[in-house]
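Participant: Build the full structure now, drawing on both the sequences and the hints.
Taken in order, these protein sequences are the chains called A and B.
Here the working numbering is used: position 2 in the first sequence is 2, and no number is missing along the way.
For the working numbering, add 1000 to where a residue sits in the second sequence, where the first one is 1.
These are computed hints drawn from the structure, not numbers from a lab.
Take these hints with a grain of salt, some might be off.
Covered stretches of chain B (chain A as the covering partner; in silico rule of three or more C-beta atoms under 8 Å from a C-beta of chain A) [to be verified]:
id	region
1	1226-1240
2	1244-1254
3	1299-1313
Yeah, the Cβ is synthetic: ideal placement off N, Cα and C, and Gly gets one too.
Here is how the chains run, residue by residue.
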Amino acid sequence: MKILNCPINGPRPIHEFIYGGEFRDMPDVDAVTDGEWVDYLYNRSGVPGIKREWWYHVASNVWFIAERDTATNVVCKTYLFEGRRNYE
Amino acid sequence: MPYQLVKYALSSKYPRTRMFTATVDLKDNYDVVIIGAGGHGLAAAYYLARDYDITNVAVLEKDYIGAGGTGRNTTIIRSNYLTPEGVRFYDESLRLFKDLSTEFDLNLFYSERGHFTLAHSDSAVRTMRWRAEVNKHMGVNSEFVNPDFVKESCPYIDLTCGGNAPIMGALYHPPGAIARHDAVAWGYGAGAVKRGVEIHQNTEVVGIDVRKGKVIGVRTNRGYIRTSKILSAVAGWTPQITDMVGIRTPIYVRPLQACVSEPLKPFLDTIIVSGSLHVYVSQSSRGELVMGGATDPYDLNMMRTSLEFTEGLASHMLDLFPFLSEVKILRVWAGLCDMTPDFAPIMGKTPVEGFYLDAGWGTWGFKATPISGKTMAHTIAKDCEPDLIYAFRLSRFEDFELTGEKGAASVGH
Ligand SMILES: Cc1cc2nc3c(=O)[nH]c(=O)nc-3n(C[C@H](O)[C@H](O)[C@H](O)COP(=O)(O)OP(=O)(O)OC[C@H]3O[C@@H](n4cnc5c(N)ncnc54)[C@H](O)[C@@H]3O)c2cc1C
Chain A
1 MKILNCPING PRPIHEFIYG GEFRDMPDVD AVTDGEWVDY LYNRSGVPGI
51 KREWWYHVAS NVWFIAERDT ATNVVCKTYL FEGRRNYE
Chain B
1001 MPYQLVKYAL SSKYPRTRMF TATVDLKDNY DVVIIGAGGH GLAAAYYLAR
1051 DYDITNVAVL EKDYIGAGGT GRNTTIIRSN YLTPEGVRFY DESLRLFKDL
1101 STEFDLNLFY SERGHFTLAH SDSAVRTMRW RAEVNKHMGV NSEFVNPDFV
1151 KESCPYIDLT CGGNAPIMGA LYHPPGAIAR HDAVAWGYGA GAVKRGVEIH
1201 QNTEVVGIDV RKGKVIGVRT NRGYIRTSKI LSAVAGWTPQ ITDMVGIRTP
1251 IYVRPLQACV SEPLKPFLDT IIVSGSLHVY VSQSSRGELV MGGATDPYDL
1301 NMMRTSLEFT EGLASHMLDL FPFLSEVKIL RVWAGLCDMT PDFAPIMGKT
1351 PVEGFYLDAG WGTWGFKATP ISGKTMAHTI AKDCEPDLIY AFRLSRFEDF
1401 ELTGEKGAAS VGH
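Facilitator: Here it is as structure tokens:
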């Protein structure tokens, strides 16, 4: 993964980007149990496979989502975050 | 001269007996199954056999002995951590390390070098002073020293770092050491085998059976094993194993790369670490510079290396030692690091009865090999954790009692 495709700026060299961690759905803070909250805060899915992740294009201030296989480092697709809608 | 060699031909002591016996078939039942024949798994097997007389033990390794981080690390051993819990734990490990060559009758090339963590900023100076105070309080030899002291101990260093990041002082830890990492695994492995433990290489755990919250068996590529106690000591592969028993952890996996230069005449006695410049270096007894840096900046379960790493590391090495510009890199490699949010390991019992975890070793687990083996053996034999590892329990995250060790990481991650 030497080039990453920014949904706004197109393909750019990887050093223009910062990794923002795995995408996690925040549970409803009013309904959540302590256990679910701790799980959301700390736990991660470290198993290799395709993950949804936050990435940031530094030069243009764009946060977006990449779907990347952490076993092969191949990015399947990148797109802008559109609220919860595109994850259901 | 050749006559002197004849005695070896005639003596029954030569050749030396093999360290590991030939592989036997898997039995269908073991008291304890240990997953992973890295230093930690083998040390746990060794202390189970030596201290608790538990010898019906199988160590299962999908690859070969030491294939993971154990055979890939830069071999730095130190105890100048930041939290009292960390300092106490790693210092006990260091104490055990010192006797191992004698205990194993195998030279681990344990070599005390003195460990310098350089500070290039006011905030780094503050953390070094803080660490020195915690260390001293815990009886660990560690002090903040000025740049002249660094220069005297390491005459070839450029204190100005090319004018970019002048060295403002350092945390100096005289007991800091290096040792031969493969031999540590071999020593523990051989010692365990001698006491009856079986080590099965090329044996991969592919599933774990749990009934009514208790461990009952392990599925492998060579067949099924019944057991009521399993230790997972697979470092960078931990998420795959915890997935098999349905336990979630904060562990995320990042590659860490390292490299060695061509051999040079000895010029560097000490271990030099610079958090700000992302580089650590020591000179091996063969003369190679052994160098490492920060982990890759995103999650990856792959042991590939990258040109970015080598370039970045080389440029920072030249800040410290400008005269190395003509020196060649011989090898570059990577290992998997099982990182935790507080840079402390995860050790002990888990919500699944009979499933014990030794993980979260990130970039810092080689130095912990003896004490992790010893404390995990105790945990398995007695089904209770010794005080020494209480701060590292998995449930510390639920309790919001993290053991913040990031300030003592070798390089800023
Ligand atoms: C480049 C680099 C430099 C480092 N430098 C240092 C340092 O200077 N000092 C320090 O203290 N630490 C350092 N570390 C960290 C240290 O190497 C590790 O924390 C330590 O080696 C972990 O040892 P282990 O025995 O727990 O795991 P490992 O040595 O990784 O062993 C785990 C074993 O489990 C096996 N396994 C995995 N899955 C399965 C399965 N399903 N079935 C069977 N077997 C399986 C693997 O093949 C592997 O052999 C460094 C790490 C790297 C990568």
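Participant: Can you name, in rising order, the numbers of the hints this structure does not satisfy?
Facilitator: none
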